[in-house]
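Participant: Here's the letter readout for the chains.
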Amino acid sequence: MSQPIIEIRSLGKTFHTQNAEVHALNDINLSMEKGDIFGIIGMSGAGKSTLVRCINMLERPTEGTVLFDGRDLSGLSNRELREARRSMGMIFQQFNLLMQRTALGNICFPMEIAGADKAPAKKRAKELLELVGLSDRAKAYPAQLSGGQKQRVAIARALATDPKVLLCDEATSALDPTTTRSILALLKDINRRLGITIVIITHEMSVIEEICNRVAIISDSRIAETGLVRDIFNRPKTAAAQKLVYPEGRYSQRPISKRCMRIVFDGSSSFEPVIANMVLENKAPVNIMYADTKNIDGKAFGQMVVQLPEDKDLAQKMFDYIRAKGLSAEEVSDYVG
Amino acid sequence: MWDETTLNMLVQGVGETLYMTLMSTLFAYLIGLPAGILLVTSAKDGIRPRPALYKTLDVIVNVTRSIPFLILLVAIIPFTRMVAGTTIGPTAAIVPLTLSAAPFVARLVESSLKEVDVGVVEAAQSMGASDAQIIRKVLIPEAVPSLIVGCVIAVTTILGYSAMAGFVGGGGLGTIAINYGLYRYQNDMMLVTVVLLVLIVQLFQGIGMRLAGVNDKRKK
Ligand SMILES: Nc1ncnc2c1ncn2[C@@H]1O[C@H](COP(=O)(O)OP(=O)(O)O)[C@@H](O)[C@H]1O
Ligand SMILES: [Mg+2]
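Taken in sequence, the protein lines are chains F and E. With our numbering applied, the first sequence covers 14 to 350. With our numbering applied, the second sequence covers 1064 to 1283.
By construction, these hints were calculated from the structure, which means they are not laboratory data. Check each hint, because a few of them may be wrong.
To be verified - Derived pair list, reagent style PhoX-like, types lysine-lysine, alpha-carbon separation capped at 20 Å:
hint: 1; chain 1: F; residue 1: Lys-201; chain 2: F; residue 2: Lys-47
hint: 2; chain 1: F; residue 1: Lys-152; chain 2: F; residue 2: Lys-135
hint: 3; chain 1: E; residue 1: Lys-1200; chain 2: F; residue 2: Lys-131
hint: 4; chain 1: E; residue 1: Lys-1200; chain 2: F; residue 2: Lys-135
hint: 5; chain 1: F; residue 1: Lys-152; chain 2: F; residue 2: Lys-136
hint: 6; chain 1: F; residue 1: Lys-330; chain 2: F; residue 2: Lys-296
hint: 7; chain 1: F; residue 1: Lys-152; chain 2: E; residue 2: Lys-1200
hint: 8; chain 1: F; residue 1: Lys-152; chain 2: F; residue 2: Lys-131
hint: 9; chain 1: F; residue 1: Lys-47; chain 2: F; residue 2: Lys-177
hint: 10; chain 1: E; residue 1: Lys-1280; chain 2: E; residue 2: Lys-1200
hint: 11; chain 1: E; residue 1: Lys-1177; chain 2: E; residue 2: Lys-1107
hint: 12; chain 1: F; residue 1: Lys-152; chain 2: E; residue 2: Lys-1282
hint: 13; chain 1: F; residue 1: Lys-330; chain 2: F; residue 2: Lys-271
hint: 14; chain 1: F; residue 1: Lys-139; chain 2: F; residue 2: Lys-152
hint: 15; chain 1: E; residue 1: Lys-1280; chain 2: F; residue 2: Lys-152
Unchecked claim - Derived contacts from chain F toward chain E, CB cut-off under 7 Å, selection only:
hint: 16; residue: Leu-71
hint: 17; residue: Arg-99
hint: 18; residue: Met-103
hint: 19; residue: Pro-123
From the three backbone atoms N, C-alpha and C, an ideal C-beta is built for every residue, glycine too.
Pulled out of the complex, with its shape left as it was, chain F reads as follows (with noise of 0.2 Å):
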């Protein structure tokens, strides 16, 4: 495999308060390689905002090195890294748009920094507009905008530099769910037009399942796990990456039999109504504890938890009849309301 676009290795980033030291980031190693769609996932608190501010280094880090295609960054003079961060464009959570300038203005704005001339920077602020499908508003002020408006500026105002990355903290956390999800597909289709490597940070593993191909659980300041989104939502196994893979909360009834049954849809089988031809060939009724299935990648992805008859051998043939059809089915007992 080719060198990865960013390589962080045995990152740390300590604040010094006035009360007590603050260890944000511990050990940190991670790899993304150009093209990913890349996660970072964590509770709030867990330190993902400080990772992400540190490989553009708006936060030094304490410890440790981050590369950005093979350099390093903590090496770089002042003036070098304001360079280098041109080709790292970041969106927030609350947008940042300058309030006093247009959407226009906006998109200018870095070219501008970089001291770009005007006519040329204001043609390729038309195009990224259209790029992210807001010609028609060039000239509102953000205020005049909505919440998926506003980022739809932000990110065009990110790629205005044509960066290689693009870094995204938080940046459908103050969306409503339907707003989401287009902005979601909008960074999913400038990963594959521009080929811009992105990195997703999140609370939500919905926002995970649905763009990235890779992930990292971030936990107490600690890389707890991380590889292929499919791999760790199939069997995640830290404790905190099953936290956020079955969330707490979702189950709303409580099993009459401590037998249940998790089955992962990966993406292998049709789409066919598995749960219901189960019941109808046992002629035994289960429970349906739990269920997300989603279309991901234009495949089935997803899981479900169904509760089993108490009768050993009939739970053993559902199991049977899962597993013959190419799905993959564990049995979980531990985690009774």
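With chain F's structure known, arrange chain E with the ligands on it following the hints.
Facilitator: Leaving out everything else, chain E with the ligands in the frame of chain F:
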């Protein structure tokens, strides 16, 4: 009393007051604007923290702001003579007015610039903006409506002080008020100067607020 000489005197008084006020405001901003910017950028949470510089400026601003205007006016008479070549008249009054208003202006500018969202500054940094670019292209333009409101406050405050300077020979409406209204018991003259001062304040206020409104794109 409304003969030609009185009218001429009042017109001249208004002219001198405007001259003192506007020139002092201009000079106060020449000192106060950079000082205010430095206060914001050198602060602990500023774009280029410089604790020693911040502390020094902060103390200077606080100390000079706490000197009452009339005392400052008298205390710096030698300095005023050196700069303006005289110690009476509107031009001489500009010196103490400027010195007294500059720290006040620095605070006004500081508070306006502090209103700018740190997230926007951070976004500019993430795009590779230098500190100078952040000041010129983010902090000041984003704070324009608030800076204009601050400027109106500065002008009207300086106008009030200019009348006080007029009491000790600074010229303008303040001198007319004291010479005719106080020493010669001409109450109508006193009333006229007060009305004129109020009108001037209203004028500045009106222009300033309209400008601030026009320049604020945060409203829909
Ligand atoms: N500038 C700072 N000074 C002191 N502590 C900080 C600072 N920034 C972040 N922290 C602390 O570091 C930890 C991680 O914060 P953050 O990276 O913002 O988490 P997340 O984005 O995952 O919610 C938190 O405990 C937070 O309080
Ligand atoms: Mg955060």
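Participant: Now tell me if each hint is right for this structure.
Facilitator: How the hints compare with the structure:
As the CA atoms of F/Lys-201 and F/Lys-47 are separated by approximately 14 Å, the hinted pair is consistent with the 20 Å bound. A distance of roughly 12 Å separates the Cα atoms of F/Lys-152 and F/Lys-135; the hinted pair therefore holds under the 20 Å criterion. Pair hint E/Lys-1200 plus F/Lys-131 holds up; C-alpha atoms about 15 Å apart against a cutoff of 20 Å. Annotation: proposed proximity of E/Lys-1200 to F/Lys-135 holds, straight-line Cα distance about 17 Å (limit 20 Å).
With a C-alpha separation of about 14 Å, the suggested pairing of F/Lys-152 with F/Lys-136 holds against the 20 Å cut-off. Under the criterion of a C-alpha separation no larger than 20 Å, the hint pairing F/Lys-330 with F/Lys-296 is consistent with the structure, at around 11 Å. Distance check on the hinted pair: F/Lys-152 and E/Lys-1200 sit about 19 Å apart at the alpha-carbon level, within 20 Å; holds. Of the supplied pair hints, the one linking F/Lys-152 and F/Lys-131 holds, its CA atoms being roughly 16 Å apart against a limit of 20 Å.
Restraint check for F/Lys-47 and F/Lys-177: satisfied, since their Cα atoms lie roughly 8 Å apart, inside the 20 Å limit. Using a Cα cut-off of 20 Å, the hinted pair E/Lys-1280 and E/Lys-1200 holds, with the two alpha carbons roughly 16 Å apart. Restraint check: the Cα-Cα separation between E/Lys-1177 and E/Lys-1107 comes to about 12 Å, which is no more than 20 Å; the hinted pair holds. Restraint check for F/Lys-152 and E/Lys-1282: the C-alpha separation of about 14 Å stays at or below 20 Å, so the hint holds.
Of the pairs offered as hints, the one joining F/Lys-330 and F/Lys-271 holds, with about 17 Å between alpha carbons and a cut-off of 20 Å not exceeded. For the suggested pair F/Lys-139 and F/Lys-152, the alpha carbons sit about 11 Å apart, so the restraint of at most 20 Å is met. Between E/Lys-1280 and F/Lys-152, the direct Cα distance comes to roughly 11 Å. Compliance with the 20 Å bound is thereby established for this hinted pair. Residue-level restraint check for F/Leu-71 holds (minimum Cβ-Cβ distance to chain E is 6 Å; threshold 7 Å).
At a threshold of 7 Å, the smallest CB-CB gap from F/Arg-99 to chain E is about 5 Å, leaving the interface hint in force. Of the supplied interface hints, the one on F/Met-103 holds, with its beta-carbon coming within about 4 Å of a beta-carbon of chain E, less than 7 Å. With a cut of 7 Å, the hint placing F/Pro-123 at the interface with chain E holds, because the nearest CB-to-CB distance is about 4 Å.
Against the hints set out earlier in the document, no violation occurs for any number.
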